[in-house]
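Let's have the full structure, built from the sequences with the hints guiding it.
In case you want the letters, here they are:
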Amino acid sequence: MSYAVGDALPSFVIERVSPDAMKQWAVFLADPNPIHLDVEVVKAKGLGDKVINQGPINVAYMINMLMAAFPGGRIESMDSRFLDNVYEGDKVTASGRITAIDGDKISCDLTLDAEGRGTVNAGTATIQLQS
Amino acid sequence: MTELAELPPAPDVAGTRLDGTGTYTISAVQNAALCRSTGVEPSLDGSAHPIYYYVATQVAMGKTVAGLCAACDFDVEEGPMMGSSGVRFAAPLRTGSTYKVTGEILSLVRKRSRKLGVMDVLTYRLRLHELDGAVALETDNVWVLPRKELA
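Note that the protein sequences, when read in sequence, are chains D and B. Reading the first sequence from the start, the letters are residues 10 to 140 in my numbering. Reading the second sequence from the start, the letters are residues 413 to 563 in my numbering.
Be aware that one or more of the hints could be misleading.
For the chain B half of the interface with chain D, some residues (derived, Cβ under 8 Å), not all of them [what the hints assert, rightly or not]: (1) L446; (2) S449; (3) T450; (4) I463; (5) V477; (6) M494; (7) G495; (8) S497; (9) L543.
In silico EDC-like links for lysine to aspartate or glutamate, alpha-carbon gap of 20 Å or less [to be verified]: (10) B:K527 x D:D93; (11) D:K32 x B:E489; (12) B:K523 x B:D487; (13) B:K475 x D:D40; (14) B:K512 x D:D40; (15) B:K560 x B:E490; (16) D:K32 x D:D16; (17) B:K560 x B:D487; (18) D:K54 x B:E489; (19) D:K54 x B:E561; (20) B:K527 x B:E561; (21) D:K54 x B:D487; (22) D:K32 x B:E453; (23) B:K475 x B:E550; (24) D:K59 x D:E49; (25) D:K52 x B:E453; (26) D:K52 x B:E489; (27) D:K54 x D:D93; (28) D:K54 x B:E490.
Here are the computed distance ranges between Cβ atoms for each label pair [unchecked claim]: (29) D:A109 x B:A426: 31 to 39 Å; (30) D:S20 x B:L456: 21 to 29 Å; (31) B:L416 x D:G98: 34 to 42 Å; (32) B:L416 x D:L46: 49 to 57 Å.
No lab work stands behind these hints: they were computed from the structure. Just so it is clear, CB atoms sit at the ideal spot from N, CA and C, and this is done for glycine as well.
As structure tokens, then:
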């Protein structure tokens, strides 16, 4: 497979962010923060009217996009900034674009967008291609 | 509005150790559930989802999320927010492998934001080690701790 600077990476789409996944992640993360579990708490805190996805799940969506774009590749480094919340029911799309190629290492810009609300997470990653 | 210079300083917590006291094993069963919860199937070659960089270090560091907030004199009920997360992998993570965590708080800086008012920005670093001590990854996380009582 060949790559070039400027190439867009195939998007990874979650059609509907699941509150059931948030319950699973509360266990995975050993963090029972109720803003991910109880909509009444979210309302009481003035944070909206839907439960809020745990931040690391949003990073995982971007990782999934990278792993599909570079089969067999290995993430060497990745940084992401949390710009806005992702809510139950959101449709989110992880996208990327190649910014540099150095031998078998590829650098990319990444975004995660929530339909109707714009970019909620942005970052960069460097991938070591399969040798 | 209170000037930042007039506010009490953020707690001096830089250097606080976050070393874990136990170990963390990436379960193949949990990895499969985690992968499917994010819309993908688990790898068949025994590699774990890379997001375990965050999961494993958070679970196996020496403090709970509430405890880390408390170390910063912040009540977790006030709602810490993730600002950013970075990772540098030295080796892929594998299911069935057992790791331990070391780490420390790098800084806690009091700032004023137009959107959030007064806040403390917490930066901490965690390392995930193989049991022989080799570093599998290093991660830096930044959390925003809104200081509503100081706004």
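Check your understanding: Straight-line Cα separation of K475 of chain B and E550 of chain B no greater than 20 Å?
Key -> Status holds; Cα separation ~17 Å.
Check your understanding: Would the stated hint for L543 of chain B survive a check requiring a Cβ distance to chain D of less than 8 Å?
Key -> The hint is violated - L543 of chain B has no Cβ within 8 Å of chain D, the shortest such distance being about 21 Å.
Review point. How does the Cβ-Cβ distance of S20 of chain D and L456 of chain B compare with 21 to 29 Å: does it lie in that range?
Key: With a Cβ separation near 24 Å, S20 of chain D and L456 of chain B satisfy 21 to 29 Å, so the hint holds.
Check your understanding: Given the proposed pairing of K54 of chain D with E489 of chain B, does the C-alpha separation stay at or below 20 Å?
Key -> Holds - the C-alpha atoms of E489 of chain B and K54 of chain D are around 10 Å apart, at most 20 Å.
Check your understanding: Given L446 of chain B was flagged as interface, is its beta-carbon under 8 Å from a beta-carbon of chain D?
Key -> Hint holds; L446 of chain B Cβ to chain D Cβ min 6 Å, cut 8 Å.
Practice item. Compare the distance between the alpha carbons of K560 of chain B and E490 of chain B with 20 Å, and conclude whether the hinted pair is satisfied. Key: The given pair, whose Cα atoms are some 8 Å apart, holds under the 20 Å limit.
Review point. Going straight from one Cα to the other, do K475 of chain B and D40 of chain D come out at no more than 20 Å?
Key: Holds, at roughly 12 Å.
Point to revise | 31 to 39 Å as the expected CB spacing between A426 of chain B and A109 of chain D, which holds or is violated | key: Check passed, 34 Å falls within 31 to 39 Å.
Check your understanding: Between K527 of chain B and D93 of chain D, is the straight-line Cα distance small enough, at 20 Å or below?
Key -> holds, 12 Å
Point to revise | Agreement of K527 of chain B and E561 of chain B with the hint, judged by alpha carbon distance not exceeding 20 Å | key: holds, 15 Å
Exercise for review: Go through the hint on T450 of chain B and say holds or violated, using the shortest Cβ distance to chain D against 8 Å.
Suggested key: Holds - the Cβ of T450 of chain B comes within 8 Å of chain D, reaching about 4 Å at its closest.
**Study point:** Satisfaction of hint between E453 of chain B and K32 of chain D, Cα-Cα up to 20 Å
**Key:** Satisfied, since the Cα-Cα distance of roughly 19 Å is no more than 20 Å.
In this structure, the hints that do not hold are numbers 9, 16, 25 and 32, in rising order.
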